Every structure is written in structure tokens, then in C-alpha cells.
Amino acid sequence: MLVERMRPFTSTIFAEMSALALRTGAINLGQGFPDTDGPPSLLADAAANITGGINQYPPGIGVPELREAVAAHQQRFYGQEVDPAHVLVTTGATEAIASAVLALCEPGDEVVTFEPYYDSYAATIALAGAVHKPVPLRPPDFGFDPDELRAAFSARTRVVLVNTPHNPTGAVLDRAQLTLIGELAAEFDAVVVTDEVYEHMVFDGRPHVPMATLPGMAERTLTISSAGKTFSVTGWKVGWISGPPELVAAVKAAKQFLTYVSGAPFQPAIANALALPDAFYTDLADGLQRKRDLLAGGLTAAGLTVYPSAGTYFIVTDTAPLGITDGAELCWKLPELVGVAAVPVSVFCADPELGRTLVRFAFCKKDEVLTAAVERLADLKAAL
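Here the sequence shown is numbered in my numbering, starting from 6 and rising by one per residue.
By construction, these hints were calculated from the structure, which means they are not laboratory data.
Now the in silico label distances, taken between C-beta atoms and shown as ranges: (1) A280 with L389: 48 to 54 Å; (2) A258 with D150: 32 to 38 Å; (3) T264 with D88: 20 to 26 Å; (4) G210 with T264: 37 to 43 Å.
The calculated EDC-like cross-link candidates involving lysine to aspartate or glutamate, where the alpha carbons are at most 20 Å apart (straight line), are: (5) K371 with D40; (6) K257 with E73; (7) K242 with E70; (8) K242 with D124; (9) K242 with D40; (10) K386 with D331; (11) K338 with E380; (12) K386 with E334; (13) K242 with E73; (14) K242 with D50.
Nothing here was measured: the structure is a model prediction, and the numbers come from that model. Glycine residues also receive a C-beta, built at the ideal position from the N, C-alpha and C atoms.
Kindly produce the complete structure, drawing on both the sequences and the hints.
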């Protein structure tokens with residue numbers, strides 16, 4: 006007897022499409038996880054921690070080494086001063102987001118997001134009994150209309166949930182866009198919660214601009230990131246959230262009754278990895294940019310409209326040029342048609358019409374896997 010507000014969230018598209026890919030033997034370009042492991046030094050550190058006995062509950066706020074490393078990371082890459090005492094380690098970014106929304110929102114409060122959005126956002130807002138106010142991002146560049154953004158705010162706006170680089174579209178919000186979001190948040194006295202897990206996966210020389218580095222925004226911004234994407238260890242589920250002490254304390258109050266703690270041997274290993282040389286981070290972005298271009302070329306050759314991806318693991322395509330009117334229907338058939346799995350963008354939208362013919366593909370895979378997928382996709386027109 007599931008409560009009504011959670012009935013739309015009984016399963017995730019990622020689990021469904023990954024299961025379909027496994028069942029059919031399709032190449033899984035649906036779920037966004039890499040098929041290679043992280044840096045050897047990170048893996049060795051974690052293994053040593055396990056055999057060395059770091060296996061019991063870590064401190065509730067996270068091990069000091071990791072909180073200090075997160076603060077050093079923010080200073081190193083963005084010139085942002087962060088007190089390690091105001092960093093809270095979480096079970097991935099997903100728990101950080103959930104904890105923030107649960108801590109800050111009363112039933113009936115409003116949460117502004119951008120649509121399409123990562124699927125946990127809507128579920129978390131429903132868990133809190135809050136009201137979801139999505140603002141559309143439209144192709145080709147997946148920017149937002151300033152008037153539509155302003156219209157989403159009201160006296161009940163409590164949180165603005167910002168994801169950049171953006172999943173699923175691959176858009177990267179620039180300083181001007183973030184400034185407008187920040188100005189509206191200040192005008193309506195809302196807290197900005199930023200999901201920045203793809204911060205090191207930005208392409209073509211673009212910068213990643215953390216909201217908290219903009220003038221006047223540090224005092225009302227909670228910044229979230231994680232190790233999973235940066236270090237290709239998505240199964241470790243170690244994330245963090247930082248910000249003003251009163252806001253972090255509020256998040257901690259909710260978080261401690263969700264998982265309490267996790268990842269004891271992983272936390273100090275990730276602390277060391279955050280200090281890896283600049284070449285690691287540069288190679289990460291450059292390698293993914295090359296993979297993006299490989300897959301984009303194949304998708305274009307297959308007859309799809311391919312929208313620019315400025316960051317993340319993902320490319321969004323429009324299937325309409327192939328005569329497709331429902332991207333979700335195509336995704337359910339795609340593994341059988343050509344042996345490739347993807348996810349429909351409509352499942353990330355409160356208004357399914359916004360992404361009706363759009364399909365997301367992940368390129369965080371080995372080159373040989375992407376090449377095989379491109380070869381299979383070449384048969385798509387003939388298979389329809």
C-alpha cells in the first residue's frame with residue numbers, strides 16, 4: 006500500500022533498461038556508468054584500507070582526511086575557501102540531495118528544478134511532500150527562458166536544485182545563467198542546492214563555474230559532488246556536501262537517519278585521489294570528449310539529430326528524423342532492433358511532451374564498445 010505521492014516512482018528507467026540490455030545481450034549505452042575502473046592508486050589504497058582494518062563506522066560527518074581533501078579541492082580548482090568543518094560526507098550525491106531537500110522543505114514548500122532532470126530529484130521532492138516546479142530546458146542548446154524561470158518562483162520557493170554539468174542533456178550552465186538563478190534565489194530567499202558530480206567532465210575548453218563562487222552566493226548555496234563519476238567508482242557511493250554551517254547542520258540532521266555512515270575504507274582512499282595531479286583531470290575530460298565525438302559521429306550517420314554535449318557522460322538525440330514519434334517506445338525496441346540500449350528523455354520530464362522524441366546515449370565506455378555500438382546503429386534505418 007504505497008503512499009500516493011510515491012506511486013510514480015516504483016522503478017527507475019536505468020534499472021529497467023539495464024535489465025533489458027542484459028537480457029538481450031545489447032550494448033548498454035543507457036545507464037551512465039563507466040566500464041573501466043578508477044586510477045590504480047585509488048584502488049590500491051582502498052584495498053589496503055580494507056585489509057588494514059578500516060572497516061567500522063567512520064565519523065558521522067566523514068573522516069577528517071576526506072573533508073580536508075574536499076576543501077583543498079575547492080581551493081585548488083575554483084579558488085573557493087571551504088572550511089573542512091563545513092563538509093559533510095554522504096552516501097553518494099543522491100543521498101546528499103535527498104538529505105538537503107528533506108532537511109529544508111516543509112510539506113507544501115516549492116522546489117525549482119530544470120527539466121529534464123535526474124530522476125531522483127522528483128522522487129526526493131515527493132518524499133518531502135514538497136511541490137515540484139520544473140523549468141524547461143529546450144534543444145538545441147538546452148538553455149532556459151529567463152521569463153519561465155522567474156515564473157517558477159513564488160513566496161513558497163524554498164530550494165532551487167541546479168545540476169551543472171547537466172544530466173541528461175549534457176548542457177553546462179554558464180556564468181550569466183547561474184547569475185540569474187542566483188539573483189532570483191536571493192530575491193525569493195531560497196537556498197540553492199547544486200549537483201556538480203560531473204564537474205571535471207566539461208569539454209571544448211569550457212569552464213565549470215560553481216554557484217558558490219559567484220558574488221553573494223556562498224551564504225545560500227549547498228554544493229554537492231561525489232567520487233563516483235570523477236574516479237570511475239560509481240558503486241562506492243561516496244559523496245559530499247558543503248556550504249554555510251547552519252545549512253550543513255540541517256542536512257546532517259536528516260542524513261544521519263538515512264544511512265548514518267558508509268564507505269569507511271573508501272573515504273581515505275578518495276581523499277588521496279582528490280590530490281592526483283592536474284594531468285589526471287585533464288586526461289579524464291579529454292578522453293571523454295574523444296568518446297563523445299566517436300559516438301556522436303555514429304549517431305549522426307544513423308540518421309539521428311545529435312545535440313551538442315558540453316559535458317557529462319551523455320549525448321541527447323532527436324529520433325524524429327527517422328519518423329519516430331515516441332522515444333520511449335523506440336528505447337524498448339532498440340535492443341532487439343540493433344543490439345544497443347538507451348534511455349528516453351521523456352522519463353526525466355514532468356511534461357513528457359518536452360522530450361517525446363528525444364533519446365539519451367552514454368559514451369562513458371571503452372572505445373571498442375562504442376565502435377561496436379556505432380556499427381550496430383548503422384543498421385537502425387533499415388531495422389525500423
